[in-house]
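Could you build all of it, start to finish, from the sequences and the hints given here?
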Amino acid sequence: MDSARKTTCLGRMASFVLNDHRYVLLGTSVVALIGMLLSSSPRSQMSFLAHYYTLELVMYYLLVLWLVISFAGLVVKLLHWNNYAEVSPFARTGVRHALRIGSYVVWAITLVLFIDRVVMGFVAAWIEATTATSRPDNALASTLYMVWQGRDIFARGAMTTVGLALFGTIIAFVLAILLVFCRVQQIDRPDNDLTRFLKVVGGGFARFYSTIVRGTPMMVQGCIIYYGVFNLLRATTLSVTQINGIWTTFIAGLVTISLNSCAYMMEVLRGGIESVDPGQAEAARSLGLSQWQAMSKVVFPQGIKNAIPGLSNELVVNIKDSSVLSVIGTFDLMFASRTVAGIYYQNFQANLVAAVVYLMLTLIASHLLGMLARRLDVRPQPLMSTSDMPMPTAASQTAEEGRA
Numbered sequence: 001m002d003s004a005r006k007t008t009c010l011g012r013m014a015s016f017v018l019n020d021h022r023y024v025l026l027g028t029s030v031v032a033l034i035g036m037l038l039s040s041s042p043r044s045q046m047s048f049l050a051h052y053y054t055l056e057l058v059m060y061y062l063l064v065l066w067l068v069i070s071f072a073g074l075v076v077k078l079l080h081w082n083n084y085a086e087v088s089p090f091a092r093t094g095v096r097h098a099l100r101i102g103s104y105v106v107w108a109i110t111l112v113l114f115i116d117r118v119v120m121g122f123v124a125a126w127i128e129a130t131t132a133t134s135r136p137d138n139a140l141a142s143t144l145y146m147v148w149q150g151r152d153i154f155a156r157g158a159m160t161t162v163g164l165a166l167f168g169t170i171i172a173f174v175l176a177i178l179l180v181f182c183r184v185q186q187i188d189r190p191d192n193d194l195t196r197f198l199k200v201v202g203g204g205f206a207r208f209y210s211t212i213v214r215g216t217p218m219m220v221q222g223c224i225i226y227y228g229v230f231n232l233l234r235a236t237t238l239s240v241t242q243i244n245g246i247w248t249t250f251i252a253g254l255v256t257i258s259l260n261s262c263a264y265m266m267e268v269l270r271g272g273i274e275s276v277d278p279g280q281a282e283a284a285r286s287l288g289l290s291q292w293q294a295m296s297k298v299v300f301p302q303g304i305k306n307a308i309p310g311l312s313n314e315l316v317v318n319i320k321d322s323s324v325l326s327v328i329g330t331f332d333l334m335f336a337s338r339t340v341a342g343i344y345y346q347n348f349q350a351n352l353v354a355a356v357v358y359l360m361l362t363l364i365a366s367h368l369l370g371m372l373a374r375r376l377d378v379r380p381q382p383l384m385s386t387s388d389m390p391m392p393t394a395a396s397q398t399a400e401e402g403r404a
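Counting in the UniProt record's numbering, the sequence shown runs from 1 upward without gaps.
In case anyone wonders, no lab produced these hints; they're calculated from the structure.
Ideal Cβ placement from N, Cα and C applies to all residues, glycine included.
Possibly wrong hints are sitting among the right ones.
[What the hints assert, rightly or not] Here are the simulated lysine-lysine pairs, DSS-like style, with alpha carbons at most 30 Å apart:
no.	residue 1	residue 2
1	Lys297	Lys199
2	Lys320	Lys305
3	Lys199	Lys320
[Stated by the list, open to error] Label pairs and their computed distance ranges (CB to CB):
no.	residue 1	residue 2	range
4	Asp277	Thr362	28 to 36 Å
5	Ser134	Arg43	19 to 27 Å
6	Val58	Leu368	41 to 49 Å
7	Met360	Phe205	56 to 64 Å
8	Ala98	Ser134	20 to 28 Å
9	Arg96	Val30	14 to 22 Å
10	Phe167	Phe197	28 to 36 Å
11	Ser134	Ile246	40 to 48 Å
12	Phe230	Arg285	48 to 56 Å
13	Asp277	Gly245	48 to 56 Å
14	Gly215	Ser239	34 to 42 Å
Here you go:
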């Protein structure tokens, strides 16, 4: 499947390169403007075009020539709006081929200028930042200097964020399975009074827990959990130092993420279970399986598979939402960025670096989870069961269509 997808992508790219396109003048004009702006920007010490001024001048005027041609095409279009394809020289087959090849030249020139100005400028700033003994005056070099000097702090914060999100999601998944089992239980005729009581209490607790957790912010939950447990331990004979060694901010953050994510994952699992055709559970019961056996062997495996996209999305959400745990002192990525900002007095740059790292973590997690979903061949319909309303099943949708 992956090889077929790659072949299809390569075929589309080849078709795009070899065929003519509409609006090639307009689209490539934007690229030409970007190239001219790059050419007008100052060179860095690592610039390889600094020794080839004549070549860069020729490249610049080629971009100008493209803009002139584009302007001429725009004038012809405005003058012959209704019969442009019949009278315009730019609509002829040979001219269109030439313009397509010329657009590739413009793209190549802009790419060379981008490498010379942006990429090599970044390399020069990085070398300056890593070899400087004090913070440079250049804005980019100063930011890279801050990142290089605070690399251990950022790395520790990033590792803590990944650990909180990963282990918190795993723990939340286990708890969510237990809660969703209580949530979807229905009173069966053979149940005795104790079983009925436990099902009612379990279902009520699951609904109450979901309502409370999903109705309050994680930041508030983290403060309540951390300081609440801390005050409980203060009531014992333990000293503050001993309590801090036992009830660390990392453990408090892990508990917060686990309990918070558990409520959302429970609703996702409930939606996946309710999306399973009820006829399968009825067929299992008709074969002599108990309600527990039908749920655990027939309904639950399919429901969990249907809910995999929503469950995996919780990992990405937890990577980002863990940033609120810095309020209780958890040394995550957000806390690390605030620490570095306090050292170098660069709040904007430090938060910008944190945003880039968060983006990289979420993109990597999304890619890995997408690979997992493709390997499991999961293609369910979107699950939107985040409330107490039941999910519409295939059987109910068929019944509604029959009524209509």
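Here is what the structure says about each hint:
1. Lys297 <-> Lys199: holds, 19 Å
2. Lys320 <-> Lys305: holds, 25 Å
3. Lys199 <-> Lys320: Since the Cα atoms of Lys199 and Lys320 sit roughly 35 Å apart, the hinted pair is violated (cutoff 30 Å).
4. Asp277 <-> Thr362: 28 to 36 Å: Cβ of Asp277 to Cβ of Thr362: about 34 Å, so the range 28 to 36 Å holds.
5. Ser134 <-> Arg43: 19 to 27 Å: holds, 24 Å
6. Val58 <-> Leu368: 41 to 49 Å: Hint holds: Cβ distance 46 Å, inside 41 to 49 Å.
7. Met360 <-> Phe205: 56 to 64 Å: violated, 39 Å
8. Ala98 <-> Ser134: 20 to 28 Å: violated, 55 Å
9. Arg96 <-> Val30: 14 to 22 Å: holds, 19 Å
10. Phe167 <-> Phe197: 28 to 36 Å: Since Phe167 and Phe197 have Cβ atoms about 34 Å apart, the given range 28 to 36 Å holds.
11. Ser134 <-> Ile246: 40 to 48 Å: holds, 42 Å
12. Phe230 <-> Arg285: 48 to 56 Å: holds, 49 Å
13. Asp277 <-> Gly245: 48 to 56 Å: holds, 52 Å
14. Gly215 <-> Ser239: 34 to 42 Å: Since the Cβ atoms of Gly215 and Ser239 sit about 36 Å apart, the hinted range of 34 to 42 Å holds.
When held up to the earlier numbered hints, the structure conflicts with 3, 7, 8 and fits the remainder.
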